[in-house]
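Given next are the chains, with one letter for each unit.
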Amino acid sequence: MNTHTTTAGHAAVPAWKEWLLTTDHKRIGIMYLVGSMAAFGVAGLMALIIRAEQMELGMQIVTSGTQYNSFLYFHGAAMILAFLIPGLTGFAANYFLPLMIGARDVAFPRINAFSVWLFFFAIILALLSFVIPDAPDIMWTGYPPYSVNTSGNTAFYVFTVHLLGFSSILGAVNFLVTVIYLRAPGMGWNQLNIFVWTTVAAFVLQLVFIPVLAAAVTLLLFDKYLGTHFYDPSAGGDVLLYQNLFWFYSHPAVYVIFLPAVGILFEIIATMSKNRVFNYKAAVYPGIWGIVAISGIVWIHHLYISGMPDWIRLGHMVTTLLISVPVGILVLSLWGTLYKGAITYNTAMMYAASCLYLLLIGGLTGIPLALPSMTLHLSETSYVHAHFHFIMALFSAFALFGGIYYWFPKMTGRYADGALATFSFWMNFIGVNVTFWPLFIIGKEGMPRRYWDYEMFKDVLVMGHPFEDFHKVATVGAGIIAIGMIMQTYNFIHSAFKGKPAPTNPWNSRSLEWTHTVSPPGPGNFGDTDVVVDENWTPYEYNK
Amino acid sequence: MTSDAETAHVHEHHWEWSWAPLFVVAGTFFLLPISFGFYFAYDSLMYTAIFAGLGTVLLLAGVSIWVNEGLTQTPLLAGVANIGLPIFILSEIFIFLSLFSSYWMLRLGGQSWPPEGTPDGGLEKGIPLIMTVILVSSSVTCHIAEEKLDHGDLSGFNKWWIYTIILGAIFLGFTVYEWQHLIHLDFIPSTNAYSTAFYTITGFHASHVLLGLGAFIAVLIPALGGRTNKTFVNCVSVYWHFVDVVWFFVASQIYFW
Chain A
1 MNTHTTTAGH AAVPAWKEWL LTTDHKRIGI MYLVGSMAAF GVAGLMALII
51 RAEQMELGMQ IVTSGTQYNS FLYFHGAAMI LAFLIPGLTG FAANYFLPLM
101 IGARDVAFPR INAFSVWLFF FAIILALLSF VIPDAPDIMW TGYPPYSVNT
151 SGNTAFYVFT VHLLGFSSIL GAVNFLVTVI YLRAPGMGWN QLNIFVWTTV
201 AAFVLQLVFI PVLAAAVTLL LFDKYLGTHF YDPSAGGDVL LYQNLFWFYS
251 HPAVYVIFLP AVGILFEIIA TMSKNRVFNY KAAVYPGIWG IVAISGIVWI
301 HHLYISGMPD WIRLGHMVTT LLISVPVGIL VLSLWGTLYK GAITYNTAMM
351 YAASCLYLLL IGGLTGIPLA LPSMTLHLSE TSYVHAHFHF IMALFSAFAL
401 FGGIYYWFPK MTGRYADGAL ATFSFWMNFI GVNVTFWPLF IIGKEGMPRR
451 YWDYEMFKDV LVMGHPFEDF HKVATVGAGI IAIGMIMQTY NFIHSAFKGK
501 PAPTNPWNSR SLEWTHTVSP PGPGNFGDTD VVVDENWTPY EYNK
Chain B
1 MTSDAETAHV HEHHWEWSWA PLFVVAGTFF LLPISFGFYF AYDSLMYTAI
51 FAGLGTVLLL AGVSIWVNEG LTQTPLLAGV ANIGLPIFIL SEIFIFLSLF
101 SSYWMLRLGG QSWPPEGTPD GGLEKGIPLI MTVILVSSSV TCHIAEEKLD
151 HGDLSGFNKW WIYTIILGAI FLGFTVYEWQ HLIHLDFIPS TNAYSTAFYT
201 ITGFHASHVL LGLGAFIAVL IPALGGRTNK TFVNCVSVYW HFVDVVWFFV
251 ASQIYFW
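Protein sequence lines correspond, in order, to chains A and B. Positions 1 to 544 (full-length UniProt numbering) are the ones given, in order, by the first sequence. Positions 1 to 257 (full-length UniProt numbering) are the ones given, in order, by the second sequence.
Honestly, the hints are just simulated from the structure, not real lab data. Incorrect hints may appear among the rest.
To be verified - Covered stretches of chain B, going by a simulated chain A footprint (3 or more residues, C-beta under 8 angstroms): (1) 19-32; (2) 35-48; (3) 82-91; (4) 98-105; (5) 179-192.
As the list claims (entries may be wrong) - Examples of chain B residues lying across from chain A (beta carbon under 7 angstroms, computed): (6) Ile95; (7) Thr200; (8) Ile201.
As the list claims (entries may be wrong) - So these bits of chain B aren't anywhere near chain A, every CB distance computed over 12 angstroms: (9) Leu123; (10) Ile127; (11) Glu147; (12) Asn229.
All values derive from a computational prediction rather than experimental measurement. Here a beta-carbon is modelled for each residue, glycine too, at the ideal position from N, C-alpha and C.
Make a model of the complete structure from these sequences and hints.
Written out as C-alpha cells, the structure is:
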C-alpha cells in the first residue's frame, strides 16, 4: 500500500471507514480480536448449555439429541476455527509480528483485509446455523457416513471450513513473505522473537495442511449433494479416507494453535523475568521446527480404533511419542528462562505461570493416548475430552489471555491489570480445574464423550460416587469459569477506555514493539525513521 | 508526492483503507455458500438466482476496484507478489495431491479397474491429447505476450494475451463437450468410483482454468487502456503455467495410467 505517500483528501475520511475498511495490520488485528472473542462468547455459551444438560440424568435443557448435537457442533467448530486459530494467528500475529520485525505493515495489506473479511463471513455462516432449518449437526469433525446421510445442512459446515481455510492460507502467504522480506535491516534469523518463529511455523503448517482439509470437506460436499462416492464403500469408496484426510490437517492444526501460544509465553516469561531465552537456538530449531517436521506423521493416533493395520498404529505410536521431544525442549526453555530471573508477577505473568502447569497436565495425560493399547480403552471417553481441553481450551486460551494482558498497554496505552483482573484470573484458573479433573476420572471409568445423557452408567460408582456427582462438580466449575470470563471481558472493555494510563514501555521490554514505537502505534508504525538493528541486538538483551 | 506543500511531511502516514476486499469476500460468499445452500439444501431456484446475481455483481465490482488500486498505488515493497504467488501455489499443489491420493485410494481399493459402468474400452483418449496440445500452446502464447511486454510492445502483448484467452476458452469448451458426451453415455458422477474421481478432478482443474481466464481478463481490460503492471502480468502467467503443468498430472493419471 501507499504508506510513503500523502494525499490531501485523507483527513476527511470518516472514522468508521478507516476502521471497517482498514488495510492496516494493527486495526485488522483488533478486528480479529473482536471477532474471535465474540465467537468465544457464543461458543462458551454452548459449552455452558452442554454442561448444564449433563449435570443431571435425563433431558433438562435441550429439547432433542439433534439439538444437543448442533450445540456440540457449534461449540467445537467455533472454539477451534473461529476463536483459537483466528485469535492466535489472526489477532496476535497481525498486530505484533510486523511490529516485532520492524515492518511498517504486512507485505500484502489488502489481502490481509481480505483474510479478515473471510473470517467474519465464515462466522456469519456458522451463526446462520441457529436460524436455518436443518442446522449442521455433525460435530466439528463431520465424519461420514453420518454427515452425508443427515438431513442437517452439511453444506454450511463445508463452506465455513472453506472460508476460514482460504483466510488462513492467504494469511500464511502474507506473513511468510512479510517475515522473509520486510524484516528491519540488520535483523538476522537468530535475532527474531520466539513469537515470530512460532507464528511462521504455524503458518507453514496452515499453508501445507489446510488444502488437505479443504479437499476432504469438498469431497464430502460432492458426496452429499452431487452424488459422488468418495466415502461410500458400497460404491467403491472408502469411509476411512475422510478420517485420514481430515486428521492429516487437524492434527497439525493442534500445533497451529499450540505454537503461537508457546510463542506468547516466551515473550511474557522473558520480559517479566528480565532474562534471556534459555537455549534460544534449541527452542527454535529442534523445538519449533522439530514439531513442524513430525506434525504430519502422527495423525493415525486419531484413528487407532477406526480399523488400522497394526504396523501403521505402531509406527504412529512411535512418532506420536517422539513429538514429546521437541515439546520437551520448548518446556525446558520456558522453565530455563525463569531460572535466576528477576520475576515480576502481574496478570500476564500469572496466566503464563498457570500455562506451565496446564501444559504439564495436558501433555502428561496425552502420553497414554499415544499408546494404541490404552486408546482402545480410553478412546471416545471424556478422558480424551479432558486431555485435549487442557491443551487447547485451557493452555492455549490462557496463553492468549496472558498475551492480551501483556500487550494491552501497547494496543490501548492503558493497563488492564488490577483487582478485577487478578480476581477473574483466579476464578478462571480454579474453574477450569474444577471442570476438567472430574472428567478425567469418570472418563477413565468409561464415561463416553459427546453423549447428552449417561443413563446406562447410572449404577457405576467411582470412589463411591455415581457419574452424576462428577458431572455436577464439572458443571459448577463451568459456572465459575463463566463468571470469571464475564468479569474479564468487562475488565478488557472498561480498561480499554478508562484504564490506568501506561507509559510506552511499561514492562521494560527489549522487543521492538515496545522500544521503537508509541502506544498505540500510528499508521506506518514507526514514525519517520525506519527501524535498523545492529548485529548484537536481540529482543531479549536484559543486562542484569 | 502529491503537492509541494507537503514536502515538509514526506513520511507522514495515514490509515489505509479499501472497499475491494470486503466486496470480493461478500461476492464470493453470496455466489458460493449461499447460492449453493439455497439450490441444494433448500431447493429454492429463485433465491439461488438472486444471491448468485448479487454475488457476481459484488465480486466483479470488488475485483475491478482491487485491480485499479493495484495499478495506481505503490506497494510497500515492489514485486514481492512474485514471491507470494509461488508460496500460494505450494498450497494449491497440496490440494491436488490430496485429490490424487484420494483417487488412488479408490482405485487401488477397488476389485477391478475401470469399475463397472465405465464406457467400454475406457474413456476417449483423443480428447485429452488435443486438450493437452491446446493448453501447452496457451502457455507458449502467454510467454510470448510477456516477452512482448518486456520489450515495451503493449499492443503485441495485448494480441498474444488475447490468443491465450481464446486457447483457454477452447480448452474449457472441450471439457464441456467431453462431459456432455460422457453424461450421454450414462457415465455421471454417481455411476462408480471412476466417475466420482473423474468429474471431481477434471472439474477441479477446469475451475482453475476458469479462474485463470478471469485473471487474464482482469489484466487485459486495463491493458487495452494502456495500463499494466509487470508483477501482475508475471503472477497471472506463472499461475497459468502451474495450471498447465497440473494438467499433465491430471491427464496422465485419469486417462492414460
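Item to check | Verdict on chain A covering the segment 19-32 of chain B, criterion of 3 CB contacts below 8 angstroms | outcome: Holds, because 9 residues of the segment 19-32 of chain B bring their Cβ atoms closer than 8 angstroms to Cβ atoms of chain A.
Checklist entry - For B/Glu147, which was marked as not at the interface, is the minimum beta-carbon distance to chain A over 12 angstroms? => result Holds, since 27 angstroms exceeds 12 angstroms.
Item to check | Nearest-CB test (12 angstroms) between chain A and B/Ile127 | outcome: B/Ile127 clear of chain A: closest Cβ-Cβ about 21 angstroms, beyond 12 angstroms.
Item to check | Proposed interface contact between B/Ile95 and chain A, which counts if any beta carbon pair is under 7 angstroms | outcome: holds (4 angstroms)
Checklist entry - Is the interface hint for B/Ile201 satisfied, with its Cβ closer than 7 angstroms to some Cβ of chain A? => result Cβ of B/Ile201 sits 11 angstroms from chain A, so the hint is violated.
Item to check | Annotated coverage of the segment 179-192 of chain B by chain A, confirmed only when three residues or more have a Cβ within 8 angstroms | outcome: Contact hint for the segment 179-192 of chain B vs chain A: holds, 4 residues under 8 angstroms.
Checklist entry - Is B/Asn229 truly not at the interface, in the sense that its beta carbon sits beyond 12 angstroms from all beta carbons of chain A? => result With a cut-off of 12 angstroms, B/Asn229 remains clear of chain A, as the shortest Cβ separation is near 14 angstroms.
Item to check | Nearest-CB test (12 angstroms) between chain A and B/Leu123 | outcome: holds (17 angstroms)
Next on the checklist: Three residues or more, CB to CB closer than 8 angstroms: is that satisfied between the segment 35-48 of chain B and chain A?
Outcome noted: Holds, because 5 residues of the segment 35-48 of chain B bring their Cβ atoms closer than 8 angstroms to Cβ atoms of chain A.
Next on the checklist: Verify this for me: three or more residues of the segment 98-105 of chain B with a beta carbon less than 8 angstroms from a beta carbon of chain A.
Outcome noted: Holds, because 4 residues of the segment 98-105 of chain B bring their Cβ atoms closer than 8 angstroms to Cβ atoms of chain A.
Item to check | Hint check, B/Thr200 versus chain A [nearest Cβ-Cβ separation less than 7 angstroms] | outcome: holds (6 angstroms)
Next on the checklist: Can you confirm whether chain A covers the segment 82-91 of chain B, using C-beta to C-beta distances below 8 angstroms and requiring at least three such residues?
Outcome noted: Holds, because 6 residues of the segment 82-91 of chain B bring their Cβ atoms closer than 8 angstroms to Cβ atoms of chain A.
Violated hint: 8 only; the structure is consistent with all others.
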